[in-house]
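**Student:** Sequence:
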Amino acid sequence: YQINVAENFRPDQLIFVDESACNRITTRHQMTWSPLGSRAPPKVVENVEYRYFILPARSLDGILHLDVRETLHTSVDFNQFIYALLDNM
526 YQINVAENFR PDQLIFVDES ACNRITTRHQ MTWSPLGSRA PPKVVENVEY RYFILPARSL
586 DGILHLDVRE TLHTSVDFNQ FIYALLDNM
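Take the numbering used here: the last position of the sequence shown gets the number 614, and nothing is skipped along the way.
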């Protein structure tokens, strides 16, 4: 597949779509520390009220189309995303 793409397409013809998720505590470290010989304090986990699912379409020109939701993208949502992306191209 990779050889086929490399031989038959220029980099400016490729678009990549990949779903990811984030919330308010995404950027926080997953570990804690303490001075030598003492116990680490328990981690305080905030109530995560919102989780966002991000579906970008990226190319060499940047982000061509973007969809952000509070629920997972279904196959119907993904197809609508692709049709909207094609309309914008």
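Just so you know, these hints were derived from the structure itself, not from any lab.
Since this is a predicted model, take the numbers as computed values, not measurements.
A hint or two may mislead.
Each pair of labels, with its calculated beta carbon distance range [to be verified]:
1) Gly-562 <-> Ile-540: 50 to 60 Å
2) Ile-588 <-> Leu-561: 21 to 31 Å
3) Gln-538 <-> His-598: 39 to 49 Å
4) Glu-544 <-> Asp-612: 18 to 28 Å
5) Asp-586 <-> Tyr-608: 51 to 61 Å
6) Phe-603 <-> Pro-560: 43 to 53 Å
7) Leu-611 <-> Leu-561: 57 to 67 Å
8) Asn-533 <-> Pro-560: 36 to 46 Å
Where is the CB? At the ideal position from N, CA and C, for every residue including glycine.
**Student:** Could you run down the list of hints and mark each one as holding or not?
**Tutor:** Each hint, compared with the structure:
no. : hint                            : in the structure
1   : Gly-562 <-> Ile-540: 50 to 60 Å : 54 Å, holds
2   : Ile-588 <-> Leu-561: 21 to 31 Å : 46 Å, violated
3   : Gln-538 <-> His-598: 39 to 49 Å : 24 Å, violated
4   : Glu-544 <-> Asp-612: 18 to 28 Å : 20 Å, holds
5   : Asp-586 <-> Tyr-608: 51 to 61 Å : 20 Å, violated
6   : Phe-603 <-> Pro-560: 43 to 53 Å : 49 Å, holds
7   : Leu-611 <-> Leu-561: 57 to 67 Å : 59 Å, holds
8   : Asn-533 <-> Pro-560: 36 to 46 Å : 59 Å, violated
Hints 2, 3, 5 and 8 from the list above are not met by this structure, while the remaining hints are.
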